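Residue numbers (full-length UniProt numbering), protein chains in the order written: chain G, 1 to 932; chain U, 1 to 330.
Note that these hints are calculated values from the structure, not bench results.
Heads up, a few of these hints could be off.
What follows is a set of in silico ranges between Cβ atoms, one per label pair, in the way DEER data are often shown [as the list claims (entries may be wrong)]:
1. G:N794 <-> U:S213: 52 to 62 angstroms
2. G:I676 <-> U:S213: 28 to 38 angstroms
3. G:E697 <-> U:P284: 51 to 61 angstroms
4. U:Q267 <-> G:E837: 15 to 25 angstroms
If you're wondering where the values come from, they're calculated on a predicted model, not measured in any experiment.
Glycine included, C-beta positions come from ideal geometry on N, C-alpha and C.
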Amino acid sequence: MSRFFHAGSDSETESESSDDGVVDVRPTGLTRAVLQFSDDEEETKRVVRSEKDKRFDELKGIIKVLKNHKKIKDMANVLTDFESLTRAFDKARKVVDREGLPRFYIRTLADLEDFVNECWEDKEWRKNISKGNSKGLSTVRQKIKKYNRDFEAQLTAYRENPDAGDEDAEDEEEVKAADEEPAKPVVKKEEKAPKAPKVVTGDDDDDSDWGTESSEEESSSEDEARGISHWTAEYFLKSTTEQEAQRREERKLEKKLRKEEKEGKKKEEEEDDDEEGWQKVNSGAPSQAITEKPKLFAKDQEITLDAVVKKLNEIIIMRGKKGTDRSMMIELLQELKTIAEGANLGKPLAVKICFNIMAAIYDYNPNIATCMKSEMWEKSSLPTIQELLDTLVENTDIQVSETISEENELLDKGGPYRIRGCILTMVERLDEEFTKMLQACDAHSTEFVERLKDEQAMCDIIVKLESYLEKHGTSEEMCRIYLRHIEHLYYKFDPSAFETATPEQPDKTSQAVMDRMCKFIYAKDNTDRLRTRAMLCHIYHHALHDRWYQARDLMVISNLQDNIQYSDVSTQILYNRTLVQLGLCGFRQGHIRDAHNALVDIQSSNRAKELLAQGLVPQRQHERSPEQEKIEKRRLLPYHKHINLELLECVYLVSAMLIEIPFMAAHELELRKRLISKNFHHVLKMSERQTLTGPPESMREHVVAASKSMKNGDWKKCRNYIINEKMNAKVWDLFYQADKVRDMISAKIQEESLRTYLFRYSAMYDSLSLESLATMFEISPRLVHATISKMIINEELMASLDEPTQIVVMHRTEPTRLQSLALQLSEKVGSLVDNNERIMEIKQGNFFFFNKNNVTGNRPDQRDNYQNQNQQGWGGRGRQQRNQNRDRGDRGDRGGDRERGGDRDYRGGDRDRDHRGGDRDNYRNRDQRERY
Amino acid sequence: MASKRGIDSQVELVQIDGLVVLKMIKHSQEEGAGGTDLVQGVLLGMVVENRLEITNCFPFPKHNEDEDFDQVSVQYQIEMMRNLRHVNVDHLHVGWYQSSYFGAFINRALLDSQFNYQHSIEESVVLIYDPLRTTQGFLSLKAYRLTPEMMKFYKESDFTPENMAKHGINFETILEEIPIVLRNSHLVNALLCELSDKTKKDQKFSALDLGTSSMLEKNLRQLMECVDEVAVDTNKYLNYQRNNFRQQQTKQQYILKRDQENLQRKQRGEPPLPEEDLNKLFKPLPTPQRLDCTLVAGQMDSYCKQVCEFASQSLAKLFMAETLHVDQTN
């Protein structure tokens with residue numbers, strides 16, 4: 001047996017080693033052993049100087065130094081060694097996770113702890129040592145105590161069986177791997193495993209071992225796969241000996257056996273196992289469990305209902321107490337359940353225990369931000385609930401209610417059972433956990449997809465519960481479960497809604513289901529929140545399936561827009577989503593203005609992502625506090641509910657374009673720009689600011705380019721910018737009936753381009769033939785006629801239609817561009833003159849003021865001045881009045897004044913000038929006086 | 001050289017060689033991107049009696065974003081002038097030229113550089129060439145320089161209203177225009193005469209373009225921009241006045257109060273309160289700078305003149321066209 005053919009078996013070794021708790025902690029030993037004993041070893045492994053070796057060598061080096069220091073009892077150095085050791089171990093964490101905990105490390109830890117304790121006990125010695133040493137001793141004692149807590153399981157295992165590692169205890173370099181010895185336990189265990197305990201009260205130790213094994217096998221099988229991919233070439237080149245093959249056969253058989261076992265043992269056991277599986281990694285729970293489990297029931301104790309209930313209460317009492325191991329609680333409860341089932345104590349008890357298991361599971365995670373572990377979800381919570389629900393549905397004589405107190409519970413056989421608990425709350429909580437788990441996954445990973453598959457299970461549970469509650473529950477409870485159902489239903493697109501043929505089961509379509517449930521809630525609900533949410537979901541569902549009028553009417557009737565700001569955040573998010581969906585629906589149906597109105601609020605702030613809770617947007621002004629961020633993260637919707645933001649923006653921009661461009665053309669000459677949608681203007685402006693506008697790439701650039709060509713009345717270019725391959729792929733194909741939408745957009749573009757053209761260029765024409773317009777924009781003359789008529793009625797276009805000749809005759813009442821510019825200019829100049837006058841007036845006032853306060857002797861003079869001014873006719877007085885008006889800040893008056901300003905200036909030009917001249921004279925006089 | 005001549009020998013006429021004009025036009029055509037980019041260059045020539053003869057020019061290198069552009073450009077100019085001297089061409093620096101977009105040239109930058117020019121070379125002028133207006137049918141070329149008052153005023157760089165009043169600066173007295181005479185050698189004149197016979201008729205009458213609105217619209221828009229600017233400035237001034245007024249008022253009140261208190265103290269035989277620096281208590285508000293506003297006003301003035309000029313020409317053309325029409329219909 002050369003070492004070559006063992007190349008392929010490395011993975012096996014690992015899986016083998018990880019099969020057993022004892023061996024799996026010392027893979028290094030095996031690795032080392034390969035070098036020396038490759039020939040006659042069964043469990044060998046080809047060696048590669050890998051990261052693992054590097055890390056472990058490092059660890060060993062430190063351990064060696066540590067040992068030396070221990071010998072001379074140099075506690076200060078022991079402390080530093082210990083610290084560097086832990087650090088090195090952290091570095092090696094990755095390897096350790098893959099390979100399992102190295103045995104020598106555990107041994108070092110155990111030895112160190114013993115050593116420290118020994119030193120601690122030795123009071124005589126402690127008195128004599130230096131200060132640094134004693135300090136080091138106490139620190140290292142605390143540290144190791146704390147540190148070892150994490151490895152309690154392994155340590156106990158080691159302490160129980162320290163001999164296993166004894167062989168290499170003397171020297172790390174010579175780890176002999178004790179191949180025979182560890183191999184034996186493996187075999188032993190393997191033999192044991194198949195006859196894993198059926199008697200539940202039996203060998204607990206074995207049970208737990210078994211659990212470890214199965215979970216770890218999973219992880220190691222992954223390794224196996226990896227290992228194979230690494231070694232493919234060699235793997236296939238090297239042949240295996242018969243022995244090897246035989247071993248494999250054996251293993252296969254064994255695995256099969258185990259699998260059968262597993263199936264036989266049913267899911268509870270699986271849960272059990274996996275619980276332990278991950279507990280083991282996490283903490284020292286199993287070891288505790290091992291030590292504590294025997295406490296559950298004595299071996300020969302009779303298992304009765306009362307005993308189980310008593311035990312259950314005992315366990316439950318621990319709940320919430322400090323220092324209670326939560327994972328252990330779950331495990332104990334599950335254990336108890338199996339026991340109860342084994343003793344055939346009836347369904348009610350199982351239900352009760354189930355309730356408690358669920359409660360314990362929910363309790364497990366004290367942090368609301370983090371989600372349940374997926375194993376826990378898959379293996380324990382989901383099946384438990386399912387089972388619970390099934391039991392409840394099957395056994396109608398079990399009554400479950402929150403209102404039943406613990407004392408009034410009836411679990412005895414026969415008669416109706418009464419159990420305290422609320423299945424609805426449990427399911428609701430489960431649903432929340434489910435959402436949280438989805439939130440925690442990366443939306444683009446397979447993990448997310450895996451989780452999302454459970455959505456169906458979740459829905460099934462809800463539907464089941466729904467039918468259960470329909471029989472047993474109150475209307476309030478039904479409202480709650482209906483809402484849950486609705487919230488799982490409303491965002492799902494149902495293509496059957498678009499099929500013209502009536503479906504075979506008209507009451508089974510999602511629409512019918514939604515209708516039924518929502519109406520129930522509208523009628524029966526007495527908390528406002530549920531009704532609001534149901535209504536929003538209903539609208540959303542309508543909008544999603546293009547039932548525009550129903551959706552809109554419901555939205556209008558609900559009057560939600562007025563009081564939505566008083567509701568909670570998640571409802572507001574739902575409202576935003578509904579509004580957006582309504583906008584999209586309106587767009588698909590060609591209600592451009594409505595679509596725009598629905599979307600403008602969401603889009604204008606540029607925070608659509610945040611408003612729809614589809615992601616966190618970094619804030620510019622202030623950083624979020626971590627708490628705030630956590631809260632916001634919790635609000636985020638799982639990915640499958642997201643609304644495509646690009647689609648949203650595109651729909652918004654296109655509808656804004658269709659509204660805004662004709663509007664801009666119509667009001668081009670107006671002084672004050674009125675904006676319909678700011679965001680659209682912003683986008684336009686941004687593109688104008690670019691030095692070079694290349695061919696459009698992004699969706700936004702496409703829309704901008706389209707807007708520009710529409711401005712010039714070039715509808716064909718506009719359409720081509722909006723509807724092309726790129727845009728189809730990016731946006732339009734996301735719609736269900738994309739072609740319909742495209743046709744609608746195209747028609748709208750033609751119509752609006754016509755309007756824009758008329759606005760812009762009508763001044764150039766005396767008359768226009770409808771025919772030629774129709775051919776120009778490739779629309780029917782009827783539509784041209786209708787559009788132009790509408791414009792004439794709305795007084796947007798000063799023209800009249802001449803029916804017999806089919807032409808539009810322009811009236812030319814609008815000022816030409818030059819004229820309107822001149823008008824604007826004159827208006828501006830007018831206001832400027834006004835301002836200038838005010839400056840003059842303030843100067844006068846200034847003067848007044850100075851005189852009054854400055855030189856008291858000048859008083860008569862000043863009065864003269866005043867009289868002088870008064871005598872200057874009504875122009876002066878008028879001005880003063882105006883002045884007063886202004887001082888009062890009466891702006892409206894001034895506006896009127898300005899309008900009349902032109903007149904006044906013309907009429908009273910001379911007088912005014914006189915007056916001004918006088919003023920100036922006065923001023924000069926004053927100057928002179930002041931100089932004197 | 002500049003210091004030798006007194007102020008009496010002011011340049012009263014700018015005589016430009018045809019070569020210079022053509023060079024300028026070519027420059028702006030080639031590098032000005034159709035008149036939207038500004039181009040600049042150096043004028044060369046000399047002063048003869050009260051006449052500034054500009055006989056040659058060369059363009060500035062194209063502007064780029066480099067930091068040491070100024071240095072490079074100065075280097076380039078010196079080099080260029082040296083080279084010209086070698087080939088025995090006029091090499092005396094007598095000013096600079098700049099293209100402009102529809103007469104929008106009165107701004108701070110122009111003022112700055114013209115001031116620098118005039119500061120070092122007294123007789124220097126700036127030639128403003130407007131390519132867009134030239135395409136409308138008449139050559140638009142003007143020579144400007146800063147008035148002596150403006151020179152003094154700018155040197156002080158104190159742009160408060162008071163100082164402006166002191167120097168008598170207003171929008172009309174910033175720049176003064178100097179009449180231009182174009183001069184060609186006899187040979188060139190002969191060539192031109194020959195050419196004019198050969199040109200086709202429709203090329204000759206480009207000056208008779210009747211379209212007026214685009215030109216006027218542009219001018220109006222520009223005017224409006226200026227008016228807006230002035231309005232903003234006026235508002236600023238108004239605010240300043242108001243604040244100033246308010247401050248004065250509080251100051252007066254303070255002084256009054258202090259006086260009364262002192263009077264009382266005197267009566268009681270106590271020493272008067274110590275004098276405090278009023279300026280510390282009431283910091284005088286910074287007076288708004290008036291230069292920019294004045295410049296805008298000057299710009300507006302030039303726009304208005306342009307419009308007037310253009311309108312009178314257009315009117316004449318239109319009358320001409322009308323009579324032609326009447327003749328035809330008759």
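Hint-by-hint comparison with the structure:
1. At roughly 28 angstroms, the beta carbons of N794 (chain G) and S213 (chain U) sit outside the given window of 52 to 62 angstroms.
2. Under the hint 28 to 38 angstroms, the C-beta atoms of I676 (chain G) and S213 (chain U), about 29 angstroms apart, fit the expected range.
3. At about 57 angstroms, the beta-carbon gap between E697 (chain G) and P284 (chain U) stays in the expected band of 51 to 61 angstroms.
4. Range check, Q267 (chain U) to E837 (chain G): about 48 angstroms between beta-carbon atoms, so the 15 to 25 angstroms window is missed.
Hints 1, 4, counting from the list given before, are not met by this structure.
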